[in-house]
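> Residues per chain are reported as follows:
2 protein chains.
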Amino acid sequence: MMQADGAPHPIDFWFDFGSNYSYLSALRIDHLARQAGVAIRWQPFLLGPIFGSFGWATSPFVLQPKKGAHVWDDMRRQCAKYAFPWQRPSVFPRNAVLATRVALYGAREPWIADFVKAIMRANFARDEDISGEAKVIDMLHELALPAVAIVAECKNEANKPRLREQTERAMALGIFGAPTFFVGNEMYWGNDRLDDAIELASGKRVRLAASSRG
Amino acid sequence: MMQADGAPHPIDFWFDFGSNYSYLSALRIDHLARQAGVAIRWQPFLLGPIFGSFGWATSPFVLQPKKGAHVWDDMRRQCAKYAFPWQRPSVFPRNAVLATRVALYGAREPWIADFVKAIMRANFARDEDISGEAKVIDMLHELALPAVAIVAECKNEANKPRLREQTERAMALGIFGAPTFFVGNEMYWGNDRLDDAIELASGKRVRLAASSRG
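Those protein sequences? They're chains G and B, same order as listed.
Mapping to our numbering: the first sequence position 155 is 155, numbers consecutive.
Mapping to our numbering: the second sequence position 24 is 24, numbers consecutive.
Mixed in with the good hints, there may be bad ones.
It does not matter which identical chain is meant; a pair holds if it fits inside one copy or across any two.
[As the list claims (entries may be wrong)] Computed list of lysine-lysine pairs in BS3-like fashion (alpha-carbon distance at most 30 Å, straight line):
#, residue 1, residue 2
1, Lys160, Lys135
2, Lys66, Lys155
3, Lys81, Lys155
4, Lys160, Lys81
5, Lys67, Lys117
6, Lys117, Lys66
7, Lys160, Lys67
8, Lys67, Lys81
Hints in this document: simulated from the structure, not taken from any laboratory.
None of these values were measured; they are calculated from a predicted model.
Could you build all of it, start to finish, from the sequences and the hints given here?
Printed below as a string of structure tokens:
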């Protein structure tokens, strides 16, 4: 898919810090998008209220024990395949409201990819609690950012509606899980569809088809 | 994975004729398994009683409208990618008890792959009803098989417990959806994992690791 000026289309990456398949995509998307010349629009959101709207009190991986059992085998194998570190979180899904507010605040900043990966690795590679303010400040410090100021800004009452609006936007888009990708109006659900979404965004097929016509 | 004699391990292919992602795997597995030298054990079963055991009256693609909406977009794109014919079934999920009995009866016969693909194509490429006896007999006739005798055998009261036992076996194995693949004790859920399962069955990685040791 290309925009009117022939440039690749951006990809919207909707993710939740508690979602294990979002972890895989968070570690993969940066490299894939750069290779394809595709811009990433980082879209952190909360899956909890969406599950709540379906009448679910938590993740389907918890509510459906057989599916849950498969998920952890699958994650072990997928991480081995991608050579990503993996430790099954002892708390699942983890609450990360403050980290999500920070990611939303920094979504257009140059540090967003590193921040997202740092939080994801804490949760899924080192089984660390990611809900606390101290942890988020630590992560921002490690990226040499003004951690205390950023967290204060994100905790500001005036800023709080942003995350609620973002999650409402996810709901309105028909998002039901994470990760979810959008390229224009095409919605792709799951880490297994990241490559297809990037391919559509890059306009690779369109260009090949065009060039084959001489 | 290899067996004691060094041969590739077989792959168990658990599928349901009403399952759209089973359609994709049914059209792909024969070629992939042959290339890899892996034997397929065809395991037709009924997903309905398994969904029922979760308290679901039908497919989650029907019960969860947002997930359902994505599934049909995804199928359109996946079929385009694999160059498979695709027509969204006007009835979903389709009942195919008799066809499943026939597939179970013929699971070790040389015609099993062709029969499975014929039923799947009727459902997902031509939007045809696959529940009726006449349709199953037609399909068997097209494969030049003794259709009436096979169907009579499958409808025999003495034969009916086989499908119930097969579905109970699926439940005991922890199967919660289709397609599902087993290679030894490793369970893989979904068409997106077929390649990984075949790779494990073929012992490709194991052989590479072994040969690198000289």
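> If you test the structure against every hint from before, which numbers come out violated?
Those not satisfied are hints 2, 3 and 4.
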